[in-house]
Structures are given as C-alpha cells and as structure tokens.
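All residue numbers for the sequence shown refer to our numbering, where the first residue is 23 and numbers rise by one.
I should point out that these hints are in silico values taken from the structure, not numbers from a laboratory.
Backbone N, C-alpha and C fix where the C-beta goes; we use that ideal spot for every residue, glycine too.
Any given hint might turn out to be false.
[Stated by the list, open to error] Using 30 Å as the maximum straight-line C-alpha spacing, the simulated DSBU-like pairs for lysine-lysine come out as follows:
no. : residue 1 : residue 2
1   : K65       : K101
2   : K54       : K68
3   : K95       : K53
4   : K89       : K68
5   : K46       : K65
6   : K31       : K54
7   : K35       : K65
8   : K35       : K46
[Said to hold, decoys possible] Label-pair distances were calculated between CB atoms; the ranges are:
no. : residue 1 : residue 2 : range
9   : N98       : K54       : 28 to 36 Å
10  : T92       : M23       : 14 to 22 Å
11  : S79       : S33       : 27 to 35 Å
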Amino acid sequence: MSYFVYILKCSDKSLYTGITTDVKRRFAEHKKGFGGHYTRARKVLKIVYLEKHKDRSSASRREAEIKNLTRDKKINLIKT
Numbered sequence: 023m024s025y026f027v028y029i030l031k032c033s034d035k036s037l038y039t040g041i042t043t044d045v046k047r048r049f050a051e052h053k054k055g056f057g058g059h060y061t062r063a064r065k066v067l068k069i070v071y072l073e074k075h076k077d078r079s080s081a082s083r084r085e086a087e088i089k090n091l092t093r094d095k096k097i098n099l100i101k102t
C-alpha cells in the first residue's frame, strides 16, 4: 500500500502537512471539516504538494521532516 505526504494551503495562507493512503478522500474530509483540528479552524483551499512513499514509516518520517521546515523552505519545496 502506498502512502502520501501532502501539503495543503489554507485560506489564511498557512500550510498544513499530513499523510494519507487516499489523497482524494482525505482532501474531501478536510474540505468538509472532518480533518484535523487545524484545518477545521481554517478553510482548506487546495493541495499544493504531494509525495508518494512505499510505507507508513517512510511517509511519517518525511511528514515530520517537512513539519520542521521553516515556511520559506516549505514554499521552496512546493516550487520544486
């Protein structure tokens, strides 16, 4: 099973990072307010970044790496 690390852009211009096995389903959950507390408080606009991983462990490690990046570094990652 593949896992995906994703970054969402919110209406307040903030970025949210998460992991999932089903990007379409998870994005719909965020849009409907069934995502994390963070995205419930902000309107999710779009997926701006996506990476595919072969297992949950590598996806979780990468999610943690991205969450520890500065905003500028996240924006540079999104641009690549």
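Structure-based check of each hint:
A threshold of 30 Å between alpha carbons decides the hint, and for K65 with K101 the separation of about 22 Å falls inside it, so the pair holds. Distance hint between K54 and K68 is fulfilled; the C-alpha atoms sit about 13 Å from each other, no more than 30 Å. Under the criterion of a C-alpha separation no larger than 30 Å, the hint pairing K95 with K53 is consistent with the structure, at around 25 Å. Distance restraint check for K89 and K68: the Cα-Cα separation of roughly 18 Å lies within the 30 Å cut-off, and the hinted pair is therefore satisfied.
For the given pair, K46 sits about 17 Å from K65 by alpha-carbon distance, which is consistent with the 30 Å threshold. The hinted pair formed by K31 and K54 meets the criterion: a straight-line CA distance of about 15 Å does not exceed 30 Å. For the proposed pair K35 and K65, the alpha carbon gap of about 10 Å is at most 30 Å, so the pair holds. For the suggested pair K35 and K46, the alpha carbons sit about 21 Å apart, so the restraint of at most 30 Å is met.
Judged by the Cβ atoms, the range 28 to 36 Å given for N98 and K54 holds: they are separated by roughly 31 Å. The given range of 14 to 22 Å is broken by T92 and M23, whose C-beta atoms sit roughly 31 Å from each other. For the pair S79 and S33, the supplied restraint of 27 to 35 Å holds, since their beta-carbon distance comes to about 32 Å.
In summary, the structure is inconsistent with hint 10 from the numbered list given earlier, while agreeing with all the others.
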